[in-house]
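Go by the hints and put chain Y onto chain C.
Protein chains in written order, with our numbering: chain C, 1 to 573; chain Y, 1 to 573.
Among the hints, erroneous ones may be present.
Since the list gives no way to pick one copy over another, a pair counts as held whenever it fits inside one copy or between any two copies.
With a Cα cut of at most 27 Å, we get these calculated BS3-like pairs of lysine-lysine [stated by the list, open to error]:
(1) Lys207 - Lys546
(2) Lys221 - Lys397
(3) Lys397 - Lys433
(4) Lys458 - Lys209
(5) Lys20 - Lys433
(6) Lys124 - Lys397
(7) Lys546 - Lys458
(8) Lys397 - Lys458
(9) Lys458 - Lys296
(10) Lys497 - Lys458
(11) Lys20 - Lys391
(12) Lys209 - Lys124
(13) Lys546 - Lys221
(14) Lys221 - Lys296
(15) Lys545 - Lys458
(16) Lys203 - Lys391
In case anyone wonders, no lab produced these hints; they're calculated from the structure.
Nothing here was measured: the structure is a model prediction, and the numbers come from that model.
2 protein chains.
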Amino acid sequence: MPQRLRNYLPILDWGRSYNKATLSNDLMAAVIVTIMLIPQSLAYALLAGLPPEAGLYASIVPILLYAVFGTSRALAVGPVAVVSLMTAAALGNIADQGTMGYAVAALTLAFLSGVILLTMGVFKLGFLANFLSHPVIAGFITASGVIIAASQIKHILGISASGDNLISLLVSLWQNLGNTNWVTVIIGVSATAFLFWVRRGLKPFLKSKGASARVADVATKAGPVAAVVLTTVAVWILGLADMGVRIVGSVPQSLPPLTLPDFSLDMMGSLLLPAILISVIGFVESISVAQTLAAKRRQRINPDQELIGLGTANIGAAFTGGFPVTGGFARSVVNFDAGAETPAAGAFTAVGLAIAALALTPLVFFLPQATLAATIIVAVLTLVDFSILKKSWAYSKADFAAVLATMLVTLGDGVELGVTCGVILSIFLHLYKTTRPHIAEVGLVPGTEHFRNIHRHKVETDPTLLTLRIDESLYFANAHFLEDYIYDRLADDKKLKNVVLMCSAINEIDLSALESLEAVNARLRDMGIQLHLSEVKGPVMDRLKKQHFIDDLTGRVFLSQHEAYRALTTQTG
Amino acid sequence: MPQRLRNYLPILDWGRSYNKATLSNDLMAAVIVTIMLIPQSLAYALLAGLPPEAGLYASIVPILLYAVFGTSRALAVGPVAVVSLMTAAALGNIADQGTMGYAVAALTLAFLSGVILLTMGVFKLGFLANFLSHPVIAGFITASGVIIAASQIKHILGISASGDNLISLLVSLWQNLGNTNWVTVIIGVSATAFLFWVRRGLKPFLKSKGASARVADVATKAGPVAAVVLTTVAVWILGLADMGVRIVGSVPQSLPPLTLPDFSLDMMGSLLLPAILISVIGFVESISVAQTLAAKRRQRINPDQELIGLGTANIGAAFTGGFPVTGGFARSVVNFDAGAETPAAGAFTAVGLAIAALALTPLVFFLPQATLAATIIVAVLTLVDFSILKKSWAYSKADFAAVLATMLVTLGDGVELGVTCGVILSIFLHLYKTTRPHIAEVGLVPGTEHFRNIHRHKVETDPTLLTLRIDESLYFANAHFLEDYIYDRLADDKKLKNVVLMCSAINEIDLSALESLEAVNARLRDMGIQLHLSEVKGPVMDRLKKQHFIDDLTGRVFLSQHEAYRALTTQTG
Numbered sequence: 001m002p003q004r005l006r007n008y009l010p011i012l013d014w015g016r017s018y019n020k021a022t023l024s025n026d027l028m029a030a031v032i033v034t035i036m037l038i039p040q041s042l043a044y045a046l047l048a049g050l051p052p053e054a055g056l057y058a059s060i061v062p063i064l065l066y067a068v069f070g071t072s073r074a075l076a077v078g079p080v081a082v083v084s085l086m087t088a089a090a091l092g093n094i095a096d097q098g099t100m101g102y103a104v105a106a107l108t109l110a111f112l113s114g115v116i117l118l119t120m121g122v123f124k125l126g127f128l129a130n131f132l133s134h135p136v137i138a139g140f141i142t143a144s145g146v147i148i149a150a151s152q153i154k155h156i157l158g159i160s161a162s163g164d165n166l167i168s169l170l171v172s173l174w175q176n177l178g179n180t181n182w183v184t185v186i187i188g189v190s191a192t193a194f195l196f197w198v199r200r201g202l203k204p205f206l207k208s209k210g211a212s213a214r215v216a217d218v219a220t221k222a223g224p225v226a227a228v229v230l231t232t233v234a235v236w237i238l239g240l241a242d243m244g245v246r247i248v249g250s251v252p253q254s255l256p257p258l259t260l261p262d263f264s265l266d267m268m269g270s271l272l273l274p275a276i277l278i279s280v281i282g283f284v285e286s287i288s289v290a291q292t293l294a295a296k297r298r299q300r301i302n303p304d305q306e307l308i309g310l311g312t313a314n315i316g317a318a319f320t321g322g323f324p325v326t327g328g329f330a331r332s333v334v335n336f337d338a339g340a341e342t343p344a345a346g347a348f349t350a351v352g353l354a355i356a357a358l359a360l361t362p363l364v365f366f367l368p369q370a371t372l373a374a375t376i377i378v379a380v381l382t383l384v385d386f387s388i389l390k391k392s393w394a395y396s397k398a399d400f401a402a403v404l405a406t407m408l409v410t411l412g413d414g415v416e417l418g419v420t421c422g423v424i425l426s427i428f429l430h431l432y433k434t435t436r437p438h439i440a441e442v443g444l445v446p447g448t449e450h451f452r453n454i455h456r457h458k459v460e461t462d463p464t465l466l467t468l469r470i471d472e473s474l475y476f477a478n479a480h481f482l483e484d485y486i487y488d489r490l491a492d493d494k495k496l497k498n499v500v501l502m503c504s505a506i507n508e509i510d511l512s513a514l515e516s517l518e519a520v521n522a523r524l525r526d527m528g529i530q531l532h533l534s535e536v537k538g539p540v541m542d543r544l545k546k547q548h549f550i551d552d553l554t555g556r557v558f559l560s561q562h563e564a565y566r567a568l569t570t571q572t573g
Numbered sequence: 001m002p003q004r005l006r007n008y009l010p011i012l013d014w015g016r017s018y019n020k021a022t023l024s025n026d027l028m029a030a031v032i033v034t035i036m037l038i039p040q041s042l043a044y045a046l047l048a049g050l051p052p053e054a055g056l057y058a059s060i061v062p063i064l065l066y067a068v069f070g071t072s073r074a075l076a077v078g079p080v081a082v083v084s085l086m087t088a089a090a091l092g093n094i095a096d097q098g099t100m101g102y103a104v105a106a107l108t109l110a111f112l113s114g115v116i117l118l119t120m121g122v123f124k125l126g127f128l129a130n131f132l133s134h135p136v137i138a139g140f141i142t143a144s145g146v147i148i149a150a151s152q153i154k155h156i157l158g159i160s161a162s163g164d165n166l167i168s169l170l171v172s173l174w175q176n177l178g179n180t181n182w183v184t185v186i187i188g189v190s191a192t193a194f195l196f197w198v199r200r201g202l203k204p205f206l207k208s209k210g211a212s213a214r215v216a217d218v219a220t221k222a223g224p225v226a227a228v229v230l231t232t233v234a235v236w237i238l239g240l241a242d243m244g245v246r247i248v249g250s251v252p253q254s255l256p257p258l259t260l261p262d263f264s265l266d267m268m269g270s271l272l273l274p275a276i277l278i279s280v281i282g283f284v285e286s287i288s289v290a291q292t293l294a295a296k297r298r299q300r301i302n303p304d305q306e307l308i309g310l311g312t313a314n315i316g317a318a319f320t321g322g323f324p325v326t327g328g329f330a331r332s333v334v335n336f337d338a339g340a341e342t343p344a345a346g347a348f349t350a351v352g353l354a355i356a357a358l359a360l361t362p363l364v365f366f367l368p369q370a371t372l373a374a375t376i377i378v379a380v381l382t383l384v385d386f387s388i389l390k391k392s393w394a395y396s397k398a399d400f401a402a403v404l405a406t407m408l409v410t411l412g413d414g415v416e417l418g419v420t421c422g423v424i425l426s427i428f429l430h431l432y433k434t435t436r437p438h439i440a441e442v443g444l445v446p447g448t449e450h451f452r453n454i455h456r457h458k459v460e461t462d463p464t465l466l467t468l469r470i471d472e473s474l475y476f477a478n479a480h481f482l483e484d485y486i487y488d489r490l491a492d493d494k495k496l497k498n499v500v501l502m503c504s505a506i507n508e509i510d511l512s513a514l515e516s517l518e519a520v521n522a523r524l525r526d527m528g529i530q531l532h533l534s535e536v537k538g539p540v541m542d543r544l545k546k547q548h549f550i551d552d553l554t555g556r557v558f559l560s561q562h563e564a565y566r567a568l569t570t571q572t573g
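Isolated chain C, as found in the complex (with noise of 0.2 Å):
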């Protein structure tokens, strides 16, 4: 089997020699991981403002593409938080919650996800998701995280409100305050409390109480499931929705449903911006998570195979019933510790919910919408981390800034907004940092053939000889700082015959740059002073000779600054 073919479709490659063992732990991550998704699979719905069985759906055949197509081992695909709300953010503009067109907006959105994922894939231009940074990343998420935990409070109150940022919650959210479901809200919160408790004190406190880790463990993950049951149980019994409790309800039995996106180019042109953001986000996500767990195991994970992965996960959820889905952390976590070792335990799983979706939905009838808030909430807020803030802070300037910009956008605005500013933001800080490089006047250190920048080290000096150190490389953003820098520096110095240029950190002098160079060349000639070059890297120095550059230099290129220092300066002393 040629091995390009395996490349594109590394189920070729575990699938042969897939066992008896495998298969086992496999099946015992599928059945932990299927019980775990089932109340978030509903919960991420309701968060994407879709029905219930969509986040199921959502969960089944993407899953199943993703075994096929992706590289990762552990990871589980499906509707994550910070997707989910993206996605509401998104389909907020174009329909409103409940109708058909919100519904057919979110397979058109997966759809377009799926295609922009599978074309940056083949394309390989898995390097775009570099440019959203590290600050950049965090920020969002935790921004993400409030803005998520905020959204769900209304269903805990038992209140109607909507907003795309913070602020538009939190308004909504008071104006609708005199309608609080007292019922909801004892529901809301202790649902909310138990499953922190669950979270923070029930494996300490299991384990003072003699249970093995492994029970522990099992007890902690089964939680939500608890309290979903408990919060269900209560409410059928007590007949609590006649009391204003709002519940599940009938969710329809069915296998996921074969749907079309609306594929008109008025509703593509409207979602693509969206649809980019999340793609990108998406992946970001995705395959940290994919590298995190694959480092675990020394496993390595092909970028561009990931994109091809969750493209068809979402073009698969575009015409399953679904909406956006990506590689979830929690998620991923819970199947790579369940001792998930190949993507088929992802399959497994979908077959769990495929079985969930035709037989158990009825059991969730009386499940009430605060509990899968209260799930919501709990799971989201392990997202939300301000420490990049004062780590930011404490390492440079322009990085908190990225981090705060985001940040503050986010919860201001929402989540395109916040993930566009942080990126152009980082991308023009990071452009404005080179744009005024760092220049070193630079002497030579006494007893070696180092040179150091004469501000910082006692170095020997030469009144003939200028060595200017430049610590960028030079390109059209800083090619006139540089000539204005020389200018500048010789406009008060009659003592110069020569300068050099250590170019050891120049790793690129584009055209532009090379003009200006030119232009430092005549000009100097006209005052009577040689320009030299000194260290210049291979592939630098191969371009230069490409043009006139070398030959019409009235200086020297010299292989070191020391070479550089010693024929300067015996020539002229």
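Positioned in the frame of chain C, the structure of chain Y alone reads:
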């Protein structure tokens, strides 16, 4: 008088040393420039789609304001070809040519450009113009020149045609070709041929006839005026206007009128983007002319003060019946060559043009539009220079791609998208190059303290020691690349004990890159390999010390790579 005030009002500087000699030089230059500017101003107004007098008005008050606030001694401010074309493109979306709304939109565009330039000047944002690389500017100017020339063909043929880009212009010309006015064609073609001959052939011809260089020079500059006089007289005497030759017609005899831009948010909003582009392009054109001329006399230009000068000039244009202006190449060179010594020459030119606007406009009644079109065509064809394609191709494919995209999009879609694409593409290509940095494995050049690429030089290495020189700053866009590179390199090397990252070309390590280095450090620790750094720059080291990275580093930080090599090879060898 405080220096600060003099910085903001350069007139206070040169005004103090003004004397008779300077006055006579400035007056002489003003006369020559005024004669040249009268037809040119009318022609550029035509190009911008405005009545001819607007060209004169746009040259009077703006010149005076620039004389007060500008820093260049020779720059002549007024309508220029590329900015006039951009004005027409921007206004074409707002109103029809010839309407009142069109003229008001032109004032608004000038006002917005003025405010943008002034703001950039006050906040010292002139460096933003550096993001227009030389190749992008060259490509843009060439493509604009082609479009401008094409846009004037209709006047030469005496037909109507419109279009923002080359394709729509040519299609429109083709469709209207049947209406060609042959008398107009005779005037237009002979004027064009005459002007070309004046520009190329007159000077050598006069010199061969024994004329002095000075006389030949003046005769060449008077060419356009001669064409104007000859064709105007021909149209008048032969009554050609009755044969369908379009003439300038009656131009009001007036000083620049007081006018008001449209301050509605709606109008401002729709002109904001074009105004930004016009400001930046105008500034780049102006500053490069100013710097070229200043360099010839060893004067310096202050870019931020230039922004203030151009900003006030445009605001002046907005309130006196003009349209966007900037420093023009041709007129400035003429001004400089004619001996202008201070901005007072500009002020005298303004007086000359004011007299023309008051007294001479009846004389241009019979001036054929074809003659103005001929002056534009001959002037802009000097801007057209496709050699940048060849030059950039030879030097760097990235620069070539930026030039080509700028040209094609400008020709195919228009100036606004053209220049935007050029800027975005050149920034993207620059960033792209930095996402895959050059990483060289280096070894010791025997008998020296220098380390060079093992693939380019004969060097000493040690099997337990891997030294990687990273030829790029580390930041979010390439942090993952380095991580992947190191993991891939280590995968097939079991003997390694030490990895040194040689940081001589690393000018920055941002927070994302720091987190990647932390990950590399942890991963190598698990593999039993120590990670060291060498030749870390001062500013980078200062920053690294703010975090735990240096404490957590499994290895050491060496001042020089040679030190690292000695320590790590002795230790293990």
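Of the numbered hints stated previously, which ones are contradicted by the structure, given in increasing order? 1, 2, 4, 5, 8, 9, 11, 12, 13, 16
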